[in-house]
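Trainee: Given chain A, put chains V, L and Y in place with the hints provided.
So the sequences go chain by chain: A, V, L and Y. Residue numbers for the first sequence, in UniProt numbering: 1 to 126. Residue numbers for the second sequence, in UniProt numbering: 1 to 347. Residue numbers for the third sequence, in UniProt numbering: 1 to 76. Residue numbers for the fourth sequence, in UniProt numbering: 1 to 428.
Derived by calculation from the structure, the hints in this document are not laboratory data. A quick note: this is a predicted structure, and the numbers were derived from the prediction, not measured. Any given hint could be a false lead.
As the list claims (entries may be wrong) - Straight-line distance between alpha carbons at most 25 Å, and here's what the computed DSS-like set of lysine-lysine pairs gives:
(1) Lys56/L with Lys299/V
(2) Lys297/Y with Lys198/V
(3) Lys269/Y with Lys195/V
(4) Lys51/L with Lys302/V
(5) Lys100/A with Lys426/Y
(6) Lys221/Y with Lys207/V
(7) Lys98/A with Lys244/V
(8) Lys324/V with Lys23/L
(9) Lys51/L with Lys227/V
(10) Lys177/Y with Lys20/Y
(11) Lys207/V with Lys23/L
(12) Lys56/L with Lys45/A
(13) Lys3/L with Lys358/Y
(14) Lys227/V with Lys56/L
(15) Lys3/L with Lys299/V
(16) Lys334/Y with Lys23/L
(17) Lys30/Y with Lys23/L
(18) Lys75/V with Lys98/A
(19) Lys167/V with Lys177/Y
(20) Lys198/V with Lys331/Y
(21) Lys65/V with Lys239/V
(22) Lys30/Y with Lys358/Y
(23) Lys63/L with Lys299/V
(24) Lys107/Y with Lys122/A
(25) Lys426/Y with Lys155/V
(26) Lys122/A with Lys358/Y
(27) Lys2/A with Lys177/Y
(28) Lys252/V with Lys98/A
(29) Lys63/L with Lys155/V
(30) Lys358/Y with Lys195/V
(31) Lys221/Y with Lys4/A
(32) Lys302/V with Lys56/L
(33) Lys336/V with Lys51/L
(34) Lys7/Y with Lys85/Y
(35) Lys358/Y with Lys196/V
(36) Lys3/L with Lys227/V
(37) Lys302/V with Lys100/A
(38) Lys3/L with Lys324/V
Residue-level listing of the chains:
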Amino acid sequence: MKLKPVIVTNNPLTKASLETKYEVIFNPDASLLDILITVRDYVHKGHRLLTHPLMGSIKPNQTPYKSVAVSRQCFDEIDLMSINIIEESILKAQQLIKNKKISIYNHRILEDFSLIDFDLIKNALN
Amino acid sequence: MIKVVHYLNQFFGQIGGEDKAHIEPFVKEGFVGPGMALNAAFKGQAQIVATIICGDSYYAENEEKAKNTILEMIKKYEPDLFIAGPAFNAGRYGSACGSICKHVKENLSIPVLTGMYIENPGVDLYKRDIYIISTKDSAVGMRDAIPKMASLALKLINEEEIESPEKEGYIERGIRINYFASERGSKRAVDMLIKKIKGEEFDTEFKMPDFDRVAPNPPIVDIENAKIALVTSGGIVPKGNPDKIESSSASKFGKYDIEGVYDLTNETYETAHGGYDPVYANKDADRVLPVDVLRELEKEGKIGSLHRYYYSTVGNGTAVANAKKFGQKIAEELIKDGVQAVILTST
Amino acid sequence: MVKEIERAGLPVVHMCTIVPISKTVGANRIVPTVAIPHPLGNPNLSYEDEKALRRKLVEKALKALQTPIEEQTVFE
Amino acid sequence: MRLELGKIFIKDVQFSDVTKVEKGVLYINKEELLKEVSGDERLKSIDVEIARPGEEVRIIPVKDVIEPRVKVEGKGGIFPGFISKVDTVGSGRTHILKGAAVVTTGKIVGFQEGIIDMTGEGAKYTPFSKTNNVVLVCEPVDNLPQHEHEEAVRMVGFKAACYLGRAGKDVEPDEIKVYETLPLLEQVKMYPSLPKVVYVYMLQSQGLLHDTYVYGIDAKKIIPTFIYPTEVFDGAIVSGNCVSACDKNPTYVHMNNPIIEDLYERHGKDINFIGCIITNENVYLADKERSSNYTAKLVEFIGADAAIISEEGFGNPDADLVMNCNKIEEKGIKTVLVTDEYAGRDGASQSLADSTPKGDAVVTAGNANELIVLPPMKKVIGHKEAANIIAGGYAGSLKEDGSIEAEIQVITGATSEVGFGYLSAKGF
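So here's chain A without its partners, still in its complex pose:
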């Protein structure tokens, strides 16, 4: 059963590339942590997490971008795996960000981060 995804992202490239095919909720002003919290709210309501929020080896305190897919369908039962993963991911991200804040990067590097985030979510959905 492949569930229809909704992609929550702050990555303009994810939005631009995937919005023709999928439903994308785009908030360019959201921080990485804001995106995770938005995703958690979906999960609390009964949506399922489809992709791992800490995908990629770039740590949450290194990249500003995050794209996560949740199911479009809202289930009556809350999915335990989804809730575990999103809550643990938020905790881990908070810890790392507290330890060492995201650096300010130049335009080129931001583009690379953006590309990798997009590529990972694209690969996950295909």
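Mentor: Below, chains V, L and Y without anything else, positioned relative to chain A:
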């Protein structure tokens, strides 16, 4: 000479038992009670110049005030080191020792040290912040604890390297420090696997977070006469959130009087919780904190009474240490108020 | 929090939606509830039905408090 | 499957007019090597440098490290699916230039990482400060897309390693090591009284710059499968993973997988090492479920009593590790996990992004967030300004005197999650 200030509760300070647990902090020059053995264990390298004695209940109920008063008392002696306890398995005493040590360390930047039994609730609250020597669960462990405390204290003062918890006798603080092992990781893994297969003991190099359990308490026998309290981690607060409880990573809990309240409505109550969609709880907070139903049951005589106060905090993102601390404080107050059972609701 | 209250000697019943999490935090008496945003309610029901549902859950919790247990128990 | 590994110990590498191995020295004809690896129009230039142990040299940013090997007898060739055809490898005889390594460098993305210091504090953390490194400095044409760039540089490394490996084809090895695993049923019969052990080998497979290939195929597209352990010694698994220098497995580490080596050490004595199961670490949760179910099923199917599980990466792979552990332990099969930690600079944070009470036997390769100061080096191969934008470093981490302050996650191989290094961490 290294100057030491020592902290004791009313009992070890030789003032009295539970009847004196409310005494305010005061200073005695020199050492008192267990301070004598501690002083001797320093072997002339350090000396207890003053002892501060404070009642356990006083400290627990007036933590902010107590710790600042005590800090001022300590400052006068310009000590090089501060030691509290050991508190063994005494819960309030342990929490007080941890709390005052942390406060002194943060404000005076001098080494601090205490001692507790591993299951003392003070351990989990403060082990990350300070060194706590692992002791037996009662004062029979004093003779054991004192030399360890003296030795680690001197090391701290002299800024010597602090070795592993096993070697120094302190409770593991949960701080991960790298070192180069004598075998490469893969060999260590194979060795560990073979031990595990054979059923031999092995030491994992990384403990997954502990899944500590508490034995269930006996049930309520006479519920028709029991006083039942409501506690929630769902963040239900009177409208306007008077205590400004944070929407996540809460640093405090609220205590709210519900005398005469029979129903929570969207005009009177709301949620401070940032973890879930708050619409439903804001519309009718009984959906998280079932005051309406419990009032009915109270009226029908199915429960003795609903406790006059309910306690509320926000569960998500709240540090484990904070959640524990809240739990302890809430439990203490509930017991004092004669509550017999608790319904705790979470979102 | 639930564990500390139990540790202090008071029987606690934990009413929450995600039972495995309740188990992880060390609750002993567990009553599963409806959904995270509204554990003790269901906005799709009428006011009366919702309250009846809530009462049923609370009664279950009271029963849990009166039941002797040896280990973590879920009261379905 | 039986494989002889003939190790030719290399003490030094020098440029010369002929590429050959003589008395433990690898001589390289630079022109010929360059000719061998060039031809990809995606690369503007390639240069070769040598970095020896103890020299005041820093290589940054490191993309991959590869060991020069050559197939002497038996089917197929090194790096099946890339350099050689997709014949099944892992039997016959392979020669290794032990002590030499090919290192590829070049900025693939702006935030690149991966440092190898040949001396000083940083040298202690990387295994590649002990190898004689032939460094290929690759510069792409302008505006080359990152996928293409990564692939081009990856291929240069493989070609160079094969070219150099060939110099050892007719050289008498200093040491021969034989590894053998029989077909499953025979292997089980061989040591009927010993506990049967399997290695669950998790491969990074999340996407761009996070990929691993098995016989040329992208590991995210495989379902978990069984391989003979000796297949990896011939380069059946290679790295396309450029992120997280400390705990990614460079191709060199896949070729020398230390868990496989150390399981063989006890094979026939304490255990019966019956084989490897490779699995992936995908982003899509349903893929994780499928892969972990499949892995646990295979472990059970082949009748293993115990398993070592290694992961590659942080965050997402922690979830796979925990799922694999839970599902395998639930079948009554004992596990040991190998991981590293992200416990923060002060070491006080929770180390992993997931956990399970079933994971009671864990080997850690250390806390990747630990801070380190790397002293200035006389020579930098690659791009020294990369230190400023290195993952785990931060703006300003490159000091005026050339020293670098950063977390050890920037050092290639510092916290190897297959236990290639000696680093570990303790609770204090």
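Trainee: Now tell me if each hint is right for this structure.
Mentor: Tested hints:
With a C-alpha separation of about 16 Å, the suggested pairing of Lys56/L with Lys299/V holds against the 25 Å cut-off. About 23 Å separates the Cα atoms of Lys297/Y and Lys198/V, which keeps this hinted pair within 25 Å; it holds. Taking the CA atoms of Lys269/Y and Lys195/V, the gap is about 14 Å. The hint holds against a cut of 25 Å. At roughly 17 Å between alpha-carbon atoms, Lys51/L and Lys302/V fall within 25 Å of each other, so this suggested pair holds.
The straight-line distance between the Cα atoms of Lys100/A and Lys426/Y is roughly 22 Å, inside the 25 Å bound, and the hint therefore holds. This hinted pair does not check out: Lys221/Y and Lys207/V have alpha carbons roughly 33 Å apart, beyond 25 Å. Note on Lys98/A and Lys244/V: the hinted pairing holds, with a Cα-Cα distance of about 22 Å set against a maximum of 25 Å. Our distance criterion of 25 Å between C-alpha atoms is met by Lys324/V and Lys23/L, whose separation comes to about 16 Å.
Restraint check for Lys51/L and Lys227/V: the C-alpha separation of about 22 Å stays at or below 25 Å, so the hint holds. Taking the CA atoms of Lys177/Y and Lys20/Y, the gap is near 23 Å; set against the 25 Å cutoff, the hint holds. Straight-line distance between C-alpha atoms of Lys207/V and Lys23/L comes to about 19 Å, which keeps the hinted pair within the 25 Å bound. With a C-alpha separation of about 23 Å, the suggested pair Lys56/L and Lys45/A falls inside the 25 Å cut-off, and the hint holds.
Under the criterion of a C-alpha separation no larger than 25 Å, the hint pairing Lys3/L with Lys358/Y is consistent with the structure, at around 21 Å. With a C-alpha separation of about 20 Å, the suggested pair Lys227/V and Lys56/L falls inside the 25 Å cut-off, and the hint holds. For the given pair, Lys3/L sits about 30 Å from Lys299/V by alpha-carbon distance, which is inconsistent with the 25 Å threshold. Restraint check for Lys334/Y and Lys23/L: satisfied, since their Cα atoms lie roughly 24 Å apart, inside the 25 Å limit.
Distance hint between Lys30/Y and Lys23/L is unfulfilled; the C-alpha atoms sit about 64 Å from each other, more than 25 Å. Taken as a hint, the Lys75/V and Lys98/A pair is broken in the structure, with Cα atoms around 32 Å apart against an allowance of 25 Å. Distance restraint check for Lys167/V and Lys177/Y: the Cα-Cα separation of roughly 42 Å exceeds the 25 Å cut-off, and the hinted pair is therefore not satisfied. Taking the CA atoms of Lys198/V and Lys331/Y, the gap is near 18 Å; set against the 25 Å cutoff, the hint holds.
Under the criterion of a C-alpha separation no larger than 25 Å, the hint pairing Lys65/V with Lys239/V is inconsistent with the structure, at around 29 Å. Simply put, Lys30/Y and Lys358/Y have alpha-carbon atoms about 53 Å apart, too far for the 25 Å limit, and the pair is violated. Restraint check: the Cα-Cα separation between Lys63/L and Lys299/V comes to about 18 Å, which is no more than 25 Å; the hinted pair holds. Of the supplied pair hints, the one linking Lys107/Y and Lys122/A holds, its CA atoms being roughly 24 Å apart against a limit of 25 Å.
A C-alpha spacing of about 20 Å is found between Lys426/Y and Lys155/V, which places the hinted pair at or below 25 Å, so the restraint holds. Taking the CA atoms of Lys122/A and Lys358/Y, the gap is about 33 Å. The hint is violated against a cut of 25 Å. Restraint check for Lys2/A and Lys177/Y: the C-alpha separation of about 48 Å exceeds 25 Å, so the hint is violated. Proposed proximity of Lys252/V and Lys98/A is supported: the alpha carbons are some 20 Å apart, at most 25 Å.
Distance check on the hinted pair: Lys63/L and Lys155/V sit about 55 Å apart at the alpha-carbon level, beyond 25 Å; violated. In summary, the hint linking Lys358/Y to Lys195/V is supported, as the alpha carbons are separated by about 16 Å, within the 25 Å threshold. With a C-alpha separation of about 21 Å, the suggested pair Lys221/Y and Lys4/A falls inside the 25 Å cut-off, and the hint holds. With a C-alpha separation of about 13 Å, the suggested pairing of Lys302/V with Lys56/L holds against the 25 Å cut-off.
The suggested pairing of Lys336/V with Lys51/L is violated, with an alpha-carbon distance near 32 Å, which exceeds 25 Å. A threshold of 25 Å between alpha carbons decides the hint, and for Lys7/Y with Lys85/Y the separation of about 24 Å falls inside it, so the pair holds. Among the hinted pairs, Lys358/Y with Lys196/V is consistent with the structure: their alpha-carbon atoms are about 13 Å apart, no more than 25 Å. Note on Lys3/L and Lys227/V: the hinted pairing holds, with a Cα-Cα distance of about 20 Å set against a maximum of 25 Å.
With a CA separation close to 54 Å, the supplied pair Lys302/V and Lys100/A exceeds the 25 Å bound. Distance restraint check for Lys3/L and Lys324/V: the Cα-Cα separation of roughly 8 Å lies within the 25 Å cut-off, and the hinted pair is therefore satisfied.
Violated hints, listed in ascending order, are 6, 15, 17, 18, 19, 21, 22, 26, 27, 29, 33, 37; each of the other numbered hints is respected by the structure.
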